[in-house]
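Whenever a hint applies, use it, and build me the whole structure from the sequences.
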Amino acid sequence: MTADIDFTAFFDATPSPYLVLDADLVIRYVNPACLRTARLAEGELMGKYFFDALPENPAFHDDAEQNLKASLHRLLDTGKPETAVLQRYDLPAPDQQDGFEERWWSVIHTPLCGPDGTVKWIIQQTTDVTAFVHSPRARQLSKESPERTEGMAADLYARARELHRLNQELRQAHAREQHLAITLQEAMLSVPDLDRHTNIAVRYLPATASLNVCGDWYDVVDLPPDRYAVAVGDVVGHGVHAAATMGMLRSALSAVIRAIPSPAQALEVLGLYARSVDGAMAATAVKVLIDTRSRLIIYSNAGHPPPILLHTDGTCDLLDQATDPPLGTREHHVPRPQAGLPYRPGDTLVLYTDGLIERRDEDIDTGLERLTTSLAQDRTLDPDQLADALLTRLDVTGGVSDDIALVIIRL
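Start counting the sequence shown at 38; every next residue gets the next number (my numbering).
One or more of the hints may lead you astray.
Said to hold, decoys possible - Lysine-lysine pairs mimicking DSS-like chemistry, simulated, CA-CA at most 25 Å apart:
1) K157 with K106
2) K117 with K157
3) K117 with K85
4) K157 with K85
5) K106 with K117
6) K85 with K106
To be verified - Pair ranges (Cβ atoms, derived):
7) A130 with D61: 25 to 33 Å
8) N236 with P118: 49 to 57 Å
9) G151 with A224: 47 to 55 Å
10) T403 with S313: 36 to 44 Å
These are computed hints drawn from the structure, not numbers from a lab.
Glycine residues also receive a C-beta, built at the ideal position from the N, C-alpha and C atoms.
In structure tokens, the structure reads:
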């Protein structure tokens with residue numbers, strides 16, 4: 038499947054200067070990075086013949102414009118990319134009338150052909166290497182080489198190849214690390230009992246800068262014959278250490294609820310255990326027990342955002358009557374609270390972590406209201422469809438600064 042990419046947004050966002058010429062060498066697009074580099078307004082470039090908008094420095098007699106024109110026309114004739122590792126082409130000085138300042142560039146021209154095979158567009162990517170040209174290394178090359186430009190170009194080319202090699206190695210190392218991280222996270226979030234519940238949908242979105250390893254988690258535990266428990270939790274931080282802490286807390290709570298099917302007592306035990314686990318301090322969790330025979334939800338909350346019970350008429354109840362501080366934060370052991378409320382067949386229970394609703398410079402109540410409004414709008418969807426619609430409405434599918442765990446249960 039082809040990715041749906043807004044290429045204009047891509048070029049607008051990239052820090053590298055780009056512009057696009059048509060076959061007549063008229064500028065048809067220029068990205069913000071190019072405008073900053075040239076220190077010109079968009080109107081001074083767009084729709085203008087390249088060499089009218091960016092004329093050569095008349096005081097510098099080195100055929101800069103002629104060389105660049107020849108390169109562009111070769112590209113139009115051959116349809117092959119053109120590269121200039123080191124090319125001087127001065128720019129108008131903004132503080133000098135009719136003045137220019139010396140600038141050196143590494144330039145890549147890439148052709149884009151139309152259906153008939155002829156070049157329709159030329160993408161120009163430039164890198165300002167003026168600082169290198171005036172560096173001590175370049176001055177040394179000018180002494181060693183009879184041709185200053187050739188010597189610097191050779192050195193710049195060698196450096197570019199070395200940088201390319203290092204980038205390739207870093208990308209490969211990152212890919213290996215990311216594969217390991219994803220495998221680790223998938224193993225930690227494995228929920229065997231979930232396979233028996235077609236009424237439950239789960240989603241996990243890592244933070245954009247976390248290498249797919251985070252501290253958010255979810256769990257589902259069957260308690261035969263007619264009960265099951267669901268939990269969602271959040272460990273402070275990202276990375277492998279947070280994921281390892283998450284794995285220990287999740288496993289401990291999963292074991293405890295099997296022996297003590299009381300959400301409050303299970304979180305009591307988990308809180309005591311958290312005080313002995315490095316990195317578990319201030320972790321949050323909410324535990325919910327669903328009794329399908331009595332149609333009752335029993336829950337306890339350790340510093341976590343409240344689950345939401347969505348009714349078939351679109352109204353919502355917050356499960357916020359049994360909230361206590363996060364795990365391990367009390368100096369002395371105190372029993373945790375527990376509450377319950379009934380549900381009707383067709384209601385939907387939603388558990389989540391704070392990354393779903395929290396936004397910088399925004400009150401948490403605003404995020405909760407946005408969540409309940411979104412749930413009400415899509416309440417008729419099945420759990421899987423509702424999960425996807427919710428993430429889209431809350432604008433988190435493209436990545437967020439905090440990880441997200443989401444569980445949706447059709448009761």
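Against the structure, the hints come out as follows:
Using a Cα cut-off of 25 Å, the hinted pair K157 and K106 holds, with the two alpha carbons roughly 17 Å apart. Restraint check: the Cα-Cα separation between K117 and K157 comes to about 13 Å, which is no more than 25 Å; the hinted pair holds. Between K117 and K85 the CA atoms are separated by roughly 24 Å; this keeps the pair inside 25 Å, and the hint holds. Our distance criterion of 25 Å between C-alpha atoms is met by K157 and K85, whose separation comes to about 17 Å.
A threshold of 25 Å between alpha carbons decides the hint, and for K106 with K117 the separation of about 15 Å falls inside it, so the pair holds. With a CA separation close to 15 Å, the supplied pair K85 and K106 stays within the 25 Å bound. For the pair A130 and D61, the beta carbons lie near 28 Å from each other, so the given range of 25 to 33 Å is met. For the pair N236 and P118, the beta carbons lie near 56 Å from each other, so the given range of 49 to 57 Å is met.
With their beta carbons about 50 Å apart, G151 and A224 fall inside the hinted range of 47 to 55 Å. In this structure the supplied range 36 to 44 Å holds for T403 paired with S313, their Cβ-Cβ distance being about 37 Å.
In summary, this structure violates none of the numbered hints.
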